[in-house]
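Take a look at the letters that make up each chain.
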Amino acid sequence: MPKVELQFSGGLESLTGGNKVVKVNFSGEQVVLEKVIEWIRTSLIKEKHEYFVQGEHVRPGILVLINDVDWELEGKTSYVIQEGDCITFISTLHGG
Amino acid sequence: MKRLCSHCEKAFANILVGREDKYLCRCCFYEYFEDTVHQTIVEECLLQPGERVAIGASGGKDSTVLAYVLKILNERYCYNWDLWLLSVDEGIHGYRDDSLRTVEQNRDDYKLPLYIVSYNELYDWTMDQVVSQIGRKSNCTFCGVFRRQALDRGAEKIQANVLATGHNADDIAETVLLNLLRGDHARFSRSVMEENGSYRTTDESVFNKIRRVKPLKQVYEKEIVMYAYFKKLKYFATECIYAPFAYRGHAREYLKSLERMRPHSISDILYSLSCISLNKEESKTRVAQQCIRCGSISSQTICKACQFKTSLDRGQGVLAVKRSGMCSLSKQTTQCCSESAERVSQYEADSNDAASSS
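Protein chains in written order, with this note's numbering: chain A, 48 to 143; chain B, 3 to 360.
These aren't lab readings, by the way, just hints derived from the structure by calculation.
Keep in mind that the hints are not guaranteed to be accurate.
[Claimed, not checked] Here are the simulated EDC-like pairs of lysine to aspartate or glutamate, each with C-alpha atoms no more than 16 Å apart in a straight line:
| no. | chain 1 | residue 1 | chain 2 | residue 2 |
| --- | --- | --- | --- | --- |
| 1 | B | 24 | A | 132 |
| 2 | B | 233 | A | 115 |
| 3 | B | 4 | A | 85 |
| 4 | A | 50 | A | 132 |
Model the full assembly from the supplied sequences, consistent with the hints where possible.
In structure tokens form, the structure reads like this:
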């Protein structure tokens with residue numbers, strides 16, 4: 048039952064009621080990141096889901112880090128979350 | 003699965019840099035990012051030692067990182083650049099007023115002087131007022147034209163030699179796609195010429211028009227965000243409230259999807275751009291002249307900003323962005339200004355006659 052910390056920035060915090068950090072306990076073994084994203088989409092975000100997901104995938108333009116490591120290096124959605132992991136979602140879709 | 007940094011092979015990698023398929027640890031990534039920007043500046047002769055550089059600063063991720071990196075490079079290589087932050091206040095309540103606070107934070111954190119120009123002061127119009135008149139369509143068309151001139155004016159005011167903006171590789175690729183999708187041949191040609199370095203006309207040099215450079219043009223937006231994240235740089239991360247209605251959003255979505263499938267896509271688009279050669283007619287440099295109303299450099303008698311302002315003043319802002327509307331408006335404006343110029347000349351002639359006969 049891994050307990051993880053989810054971080055939202057780059058404007059995404061407006062989708063989570065202004066909360067930049069959300070701590071969650073996931074039940075079950077071998078919980079993959081895909082499940083975490085599904086949980087965020089269905090249970091955490093109440094509206095404007097299109098700013099976070101495109102279908103079931105994280106919207107292109109949102110960077111995902113697992114313990115400050117690019118998820119591209121960790122298997123993306125197939126990464127199995129561990130106790131104490133910190134997963135960060137950063138939107139790049141705004142003016143510079 | 004942890005991977006070793008492909009550069010130092012000592013620390014674990016934190017980031018995949020898509021444009022060159024490199025897996026880099028934090029430290030090697032900082033070095034790689036800063037070296038890329040430095041190389042761009044040196045190879046393309048973007049900035050000369052001792053110059054006063056106005057950094058277009060919005061408080062956003064690109065300009066924050068640009069200011070930070072230019073400051074580092076300035077100190078590392080002793081370029082003696084006189085760096086200034088130059089900000090534009092478009093008058094967008096709830097967006098720009100907040101981001102300007104971030105620019106002020108940048109000013110304090112990086113200890114750089116800050117100069118702010120506002121649309122209200124330059125044009126007697128804020129973007130909120132423009133949108134009240136024209137509605138939610140074509141807002142970026144007005145804002146882009148106004149901002150471009152506002153930056154020039156601001157840079158002139160602080161006597162800068164060059165204006166540096168935070169445009170990154172994604173922005174440039176996005177603009178190429180945008181112009182292609184809209185069939186905007188003129189802008190597409192200009193972006194090719196800018197990339198090929200042939201845009202600056204000799205007339206513009208004569209008029210001492212401020213040079214514009216994009217030191218971040220080779221780095222991906224992802225790299226900029228990651229750099230800011232790891233370095234804990236503070237930036238303002240909210241989309242302009244008028245942006246969701248912009249056509250550019252479609253080009254951006256498409257580009258991001260392309261990047262996800264094939265990270266090289268962005269740099270490949272820029273490479274394609276640099277390989278395009280225009281025919282003689284397209285690459286003929288336009289004759290620069292001074293706008294007869296405000297004196298800005300323009301390819302037309304009346305610059306676009308003045309044309310837009312005139313249309314807004316007349317309550318005809320919506321017409322300004324319709325093609326046929328632009329033609330009739332610019333003729334009306336030219337005629338009106340020509341008549342004004344004639345009246346001034348006649349007044350001066352009459353005054354001279356009166357003076358010589360007294």
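For the pair we were handed, residue 50(A) and residue 132(A), check the Cα-Cα distance against 16 Å.
-> Given that 16 Å is the threshold and the Cα spacing comes to 7 Å, the pair holds.
Distance restraint between residue 24(B) and residue 132(A), which requires alpha-carbon spacing of 16 Å or less | Given that 16 Å is the threshold and the Cα spacing comes to 25 Å, the pair is violated.
Agreement of residue 4(B) and residue 85(A) with the hint, judged by alpha carbon distance not exceeding 16 Å | Distance ~25 Å between residue 4(B) and residue 85(A) Cα, so the pair is violated.
Are the Cα atoms of residue 233(B) and residue 115(A) separated by 16 Å or less?
-> Measuring from Cα to Cα gives roughly 12 Å; hence the hint holds.
Of the numbered hints given earlier, the model fails hints 1, 3; all others are met.
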